[in-house]
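J.: The chain contents come next:
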Amino acid sequence: MKLQGKAWKFGNDVDTDAIIPARYLNTIDPAALASHCMEDADPEFAAKVRPGEIIAAGKNFGCGSSREHAPIAIKAAGVGCVIAHSFARIFYRNAFNMGLPILECPEAADRIETGDMLEVDLDSGSIVNLTRNENYRAQPIPPFMQKLIEAGGLMEYVRAQMSQGQ
Amino acid sequence: MPKTISEKILADHAGKSEVFPEELIEARIDFALGNDITAPLSISAFRKAGATKVFDPERISLVPDHFVPNKDIASAVQAAMLRDFAREFKLPYYFEVGRMGVEHALLPEQGLVLPGDVVIGADSHTCTYGALGAFATGVGSTDLAAAMITGRVWFKVPRSLKFVYKGKLRPWVGGKDLILYTIGRIGVDGARYRAMEFTGEVIENLRMSDRLSMCNMAIEAGAKVGIIAPDEITEEYVSVRAKRPYKFYSSDPGAEYEAVHEWDLSDIEPVVAMPHSPENVKQVTELPETPIDQVVIGSCTNGRLEDLRIAAEVMRGRKVANGVRCIVVPATQNVYLEAMEEGLIEIFIEAEAAVSTPTCGPCLGGHMGILAPGETAIATTNRNFVGRMGHIDSKVYLSNPAVAAASAVLGRIAHPEEVLS
Chain G
1 MKLQGKAWKF GNDVDTDAII PARYLNTIDP AALASHCMED ADPEFAAKVR
51 PGEIIAAGKN FGCGSSREHA PIAIKAAGVG CVIAHSFARI FYRNAFNMGL
101 PILECPEAAD RIETGDMLEV DLDSGSIVNL TRNENYRAQP IPPFMQKLIE
151 AGGLMEYVRA QMSQGQ
Chain L
1001 MPKTISEKIL ADHAGKSEVF PEELIEARID FALGNDITAP LSISAFRKAG
1051 ATKVFDPERI SLVPDHFVPN KDIASAVQAA MLRDFAREFK LPYYFEVGRM
1101 GVEHALLPEQ GLVLPGDVVI GADSHTCTYG ALGAFATGVG STDLAAAMIT
1151 GRVWFKVPRS LKFVYKGKLR PWVGGKDLIL YTIGRIGVDG ARYRAMEFTG
1201 EVIENLRMSD RLSMCNMAIE AGAKVGIIAP DEITEEYVSV RAKRPYKFYS
1251 SDPGAEYEAV HEWDLSDIEP VVAMPHSPEN VKQVTELPET PIDQVVIGSC
1301 TNGRLEDLRI AAEVMRGRKV ANGVRCIVVP ATQNVYLEAM EEGLIEIFIE
1351 AEAAVSTPTC GPCLGGHMGI LAPGETAIAT TNRNFVGRMG HIDSKVYLSN
1401 PAVAAASAVL GRIAHPEEVL S
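If you read the protein sequences in the order shown, they are chains G and L.
Taken in order, the first sequence gives residues 1 to 166; the numbers are from the working numbering.
Taken in order, the second sequence gives residues 1001 to 1421; the numbers are from the working numbering.
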């Protein structure tokens, strides 16, 4: 799967309170969560981001709480994928479970700036920065995660197991 | 091959003779939990999957604690989802307002999470139970939904980091200071994906409440678990509470660690994390004069009876400074009751602090103590991210209960000895 879109750059240690502040967690409605996406990092992000655009960030993206509302808010805001130097553990897991594509690529995270036009091939992990005429190579997605993606996410994987058991 | 405590617990739960770091395994879980923020998503995923039963009603706990007593209508709707689900699937460990507590204080207190367990919770501070010698970790709501159906969860076996704490701690220095010091040394991603194993003479002499505070914040260094090998202190704590049999595990001599950190902490003073990161630490004696507007004493990190005793010792016979709000939140109903019987609640009220029913409320900027723009708080909680306790232009400092109580009395961040001398 290929994506093309403009980049939004964030720094290191973007925490889940910045991605979706706890004060908005009295709902599980994706659209409502999306309207506050990244609010405490950039209050205007949710209004400005366009479908298919890409978040690029530094190390430890998604640190802090286990709230799945974070990848839900990002996905529902229309963000096509998140590229980071590294991801916090629970966010990484949640993103796969939610079907939000994420790529770990320190080089891309260092080089990409807000406004750069990117082309991302999720299958190969290739990232092309069309603005800077640069190519980056992300870590390949681990085989077990690919299995989850192929099944259509964790719940589909579990549903398949349930029907086998019946 | 010699193994760490984490590897041994995981191997037993995966039905394997041994497991290796980075290996992907599927493990049986002993207990799973969710709260009023995370469980609504789990319940929704559970129903969407068409599930008609849970793997074991006795091994799932739902605890409405974050936005309860319901702070608004939307929160009431979420809490109702938990209540209805618990009724439908006959979950005995659903804890209603009036019987509840902050989940990570409540479940150990109730003997529901035990040494040797594998526990997952849809809350990042699930790692608290490592203090009991359990492999306990936070997951997302969908992982919880899947585990409620299957009783199993997939893990990547983490590499382990060993922390050896040597020396004898000074007065007013405890588990909270040890973990803040540690996060300051290794950073908020210093243990990302890793198991943090806390050892050494300091840990051997550390009481359970301090061990729980320490393991609680392992996630603040990015860790999957923070774990302490069970000993007599563990046995004393769990033997009177356990609702099931339990098992002690310990690391083998010669087990492999990615790194070993050995620190003598005999000389450190209480540690404070400054805005806006738990890694941004200083000893309280090194801080510039820092006036405060609000103090919060409570949470899954420091809302236990021992924490309230320390705060009361500092506040006894004194008043909260003019212009400062001090909010004390006993973490569970039992803590509240015992604090009342010991006269601690009276001390807080006479000091003109507000005492609240158990709730996570202020810690995550939910309710019961939100900060206005420009305000500064010191809290015994676990996170001081931008906007964590209110407006994005507010600030949060993190500390132990003694420093928080002393700060309430003096209206600025203070060492408890400044109050007591």
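Incorrect hints may appear among the rest.
Claimed, not checked - To be clear about the criterion: a stretch of chain L counts as covered by chain G if any three or more of its residues have a C-beta under 8 Å from a C-beta of chain G, and this derived list gives those stretches: (1) 1039-1045; (2) 1107-1119; (3) 1144-1153; (4) 1178-1192; (5) 1358-1366; (6) 1384-1393.
By construction, these hints were calculated from the structure, which means they are not laboratory data.
Cβ atoms here follow ideal geometry from the backbone N, Cα and C, with glycine treated the same way.
J.: Against this structure, judge whether each hint is valid.
T.: We went through each hint and held it up to the structure:
For the segment 1039-1045 of chain L, the stated coverage by chain G is satisfied: 4 residues place a CB nearer than 8 Å to a CB of that chain, which reaches the threshold of 3. With a threshold of 8 Å between beta carbons, the proposed coverage of the segment 1107-1119 of chain L by chain G is violated, since 0 of its residues qualify and at least three are required. For the segment 1144-1153 of chain L, the assignment as covered by chain G holds, since 4 residues bring a beta-carbon within under 8 Å of that chain's beta-carbons and 3 suffice. Counting residues of the segment 1178-1192 of chain L whose beta carbon lies closer than 8 Å to any beta carbon of chain G gives 3, which meets the minimum of three for the stated coverage.
With 3 residues having a Cβ less than 8 Å from any Cβ of chain G, the segment 1358-1366 of chain L passes the three-residue criterion, so the hint holds. Only residues whose beta carbon comes within less than 8 Å of a beta carbon in chain G count, and the segment 1384-1393 of chain L has 5; three or more means the coverage holds.
When held up to the earlier numbered hints, the structure conflicts with hint 2 and nothing else.
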